[in-house]
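Taken in order, these protein sequences are the chains called X and D.
Residue 306 in our numbering sits at position 306 of the first sequence; the count goes up by one each step and never skips.
Residue 144 in our numbering sits at position 144 of the second sequence; the count goes up by one each step and never skips.
Rather than coming from a laboratory, the hints here were simulated on the basis of the structure.
Quantities reported herein were computed from a predicted structural model and do not represent experimental measurements.
Incorrect hints may have been included.
Short, incomplete list of chain X residues facing chain D, as computed with Cβ under 10 Å [as the list claims (entries may be wrong)]:
| no. | residue |
| --- | --- |
| 1 | 37 |
| 2 | 42 |
| 3 | 58 |
| 4 | 63 |
| 5 | 92 |
| 6 | 106 |
| 7 | 122 |
| 8 | 263 |
| 9 | 297 |
| 10 | 312 |
| 11 | 314 |
Subject to a maximum C-alpha distance of 25 Å in a straight line, what follows is the list of computed BS3-like cross-link-like pairs (lysine-lysine) [stated by the list, open to error]:
| no. | chain 1 | residue 1 | chain 2 | residue 2 |
| --- | --- | --- | --- | --- |
| 12 | D | 141 | X | 8 |
| 13 | D | 120 | X | 8 |
| 14 | X | 120 | D | 120 |
| 15 | D | 141 | D | 8 |
No residue lacks a Cβ here, since even glycine has one placed at the ideal position from N, Cα and C.
2 protein chains.
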Amino acid sequence: MVEEFRSKQIELAHGSGGTASRRLVEELILPHLRNPILERLTDSALVPFGDAGTVAVTADSFVVSPLRFAGGSIGTLAVNGTVNDLAVSGARPIALVCTLILEAGLPTATLDAELAAMAKASQAAGVPIVGGDTKVVEHGKADGLYITTAGIGLPIAGVKLDARSAKAGDKVILSGPIGDHGITILLARGELDMEADIASDCRSVWPMVEAIIAAAASQIRWMRDPTRGGLASALNEFARASGFCVTLQEELLPVRDQVRGACELLGLDVLHVANEGQFLAIVAPGAAARALEAMRATEHGAAAAIIGEVQEGAPCLEVVTAHGSSRVVDMLVGDQLPRIC
Amino acid sequence: MVEEFRSKQIELAHGSGGTASRRLVEELILPHLRNPILERLTDSALVPFGDAGTVAVTADSFVVSPLRFAGGSIGTLAVNGTVNDLAVSGARPIALVCTLILEAGLPTATLDAELAAMAKASQAAGVPIVGGDTKVVEHGKADGLYITTAGIGLPIAGVKLDARSAKAGDKVILSGPIGDHGITILLARGELDMEADIASDCRSVWPMVEAIIAAAASQIRWMRDPTRGGLASALNEFARASGFCVTLQEELLPVRDQVRGACELLGLDVLHVANEGQFLAIVAPGAAARALEAMRATEHGAAAAIIGEVQEGAPCLEVVTAHGSSRVVDMLVGDQLPRIC
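Same shape as in the complex, but just chain X:
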């Protein structure tokens, strides 16, 4: 049964990537726009195309605040965010289009810097920006600069990602340390009397995805980049879609000391903190070791790890501590960090 969307107005939490975002999508957007492709709610839509087979297509808007931060900027995010949504759908990113919503009065130097950042990220990812659009709104009607990118990708033959294909015993692989992006943005806002030597992990994950596909192809059940809402939101979505419980071993989670420290001080669960250069893969047990080895051999994959597994049980995310106790971690509730991407 479809629940009705009961909020009378839109709140920041509806952009969090957590439960409120999911309600907005499932209870308001899907009932209007539903079709067999959209309702899959995957990172990219796989669209039948001519005699060609399939095109992966995706779009994201970026409203991060502040515009620049250690390790990246809104332009870097806009390119890599869409590249990564294609990558974790098992599609080679082919091209991007990009739109700018500019606030009148925006210094040209700010826009120039973001165009340079986009050009650099586009070159680094090997994905050209082939078109776009620019709109300008009055001063006070936007917040400097919003960027939207859409992208097309070529689905890789032999890869068939579907949470429903998961089986008990499948392994959960994470590409590297979590929480870097979210904590970096929080610190960049300057509202906290705290400094840490930390930078956003914003980058293309395609080289790592390409490696795991080469190693494990049809043995990969599902992939996702845990951005807004963090690892916990992504794995709760997987649990819900697959019907399985996901169990993580807390001591196996790669987390930098600075991120762990900041989370403790701020009372944040690192499992809810956003990432922009990591991805999760659920892989059949027989292929997990070679998938991990392939990822570790890539430039940014050295810290990749098997962090848990898929188990029979009510769909949820269970985290087991080093002491053997366990806790259930839900999707992000509320708006932990608005405008994180």
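Given chain X, work out where chain D should sit, using these hints.
Chain D in isolation, oriented as in the chain X frame:
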């Protein structure tokens, strides 16, 4: 030689679709992001794709104010604007993705109405919305609701659009009356003590484009939907790209009386007023009559007309009056009507 972008900040005129927009693109955006596809500056990018041939891809952001107006709304525009950019590139629109930037505090009823408008436009155009994204920014950091749509299209075999293929003697075909959208928005703002029985022409032009392609295919040199900046900006771009002069016969231009009257009162040149459901085609002379006949047979094409022709001469748009005098009409300068789409 590349001119340098000399504005120190972004102004509303940079979103007008006229000369300032063109400067922003040519002098700031292209130098950063240039590649062989982007620099064509066509409505959609034609991207080589796998063994499949080519995918047409495009994106537009919509910031129209007010959100709703006679004949449409931001949701209607967002769907049809992208469908039309694909259509006038000679590509059958296949699917859209859509992102929403919402201001916290936006009434759910407003969003609900726009989702309904998008669903209706998507069904009318026969193009599903297959994916997307939602972001929320703080109250005061946006203006209710911005929508970005991107789309993919299947290029129709035998159609090869390139302004540089134009020849002297080619005919200029316009699909129907101009200025309806721009004047509707202006009236909807309620700043003028004027009423008129006029509605936006916002709709998919694909049925008309499909008809002209079936009739004239390889004889079509160029197409464009004259949105922001109007007919004059679109034809000046064609003139510049083709190296030819375009001559229009003013008395052949379909313009509704209400639009003509409003333009006279307001001192606007209807050639600069935005359209959302019309397109221009440059067609070889031998195919023009059957192209026109095919367009007129479609539901919204009854007023289609041959309005002028391509001539040798310095690249410009020349408009000849019924009395035989003529004037050169440039691209739109300044920001005649900010946030028209």
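Hints versus structure:
1. 37: With Cβ-Cβ at 4 Å, under 10 Å, it holds.
2. 42: Result: holds, 8 Å to nearest chain D Cβ.
3. 58: Because about 6 Å separates residue 58(X) from the closest Cβ in chain D, which is inside the 10 Å limit, the hint holds.
4. 63: Status holds, d = 5 Å.
5. 92: 9 Å, holds
6. 106: Constraint on residue 106(X) satisfied, holds at 4 Å.
7. 122: Since chain D brings a Cβ to about 7 Å from residue 122(X), closer than 10 Å, the hint holds.
8. 263: With a minimum Cβ separation of about 23 Å from chain D (threshold 10 Å), the hint on residue 263(X) is violated.
9. 297: 27 Å, violated
10. 312: 32 Å, violated
11. 314: For residue 314(X), the interface hint is violated, since the closest Cβ of chain D sits about 28 Å away, which is over 10 Å.
12. 141(D) - 8(X): Cα-Cα ~20 Å, so holds.
13. 120(D) - 8(X): 23 Å, holds
14. 120(X) - 120(D): 40 Å, violated
15. 141(D) - 8(D): This hinted pair holds, its Cα atoms lying about 22 Å apart.
Hints 8, 9, 10, 11, 14, counting from the list given before, are not met by this structure.
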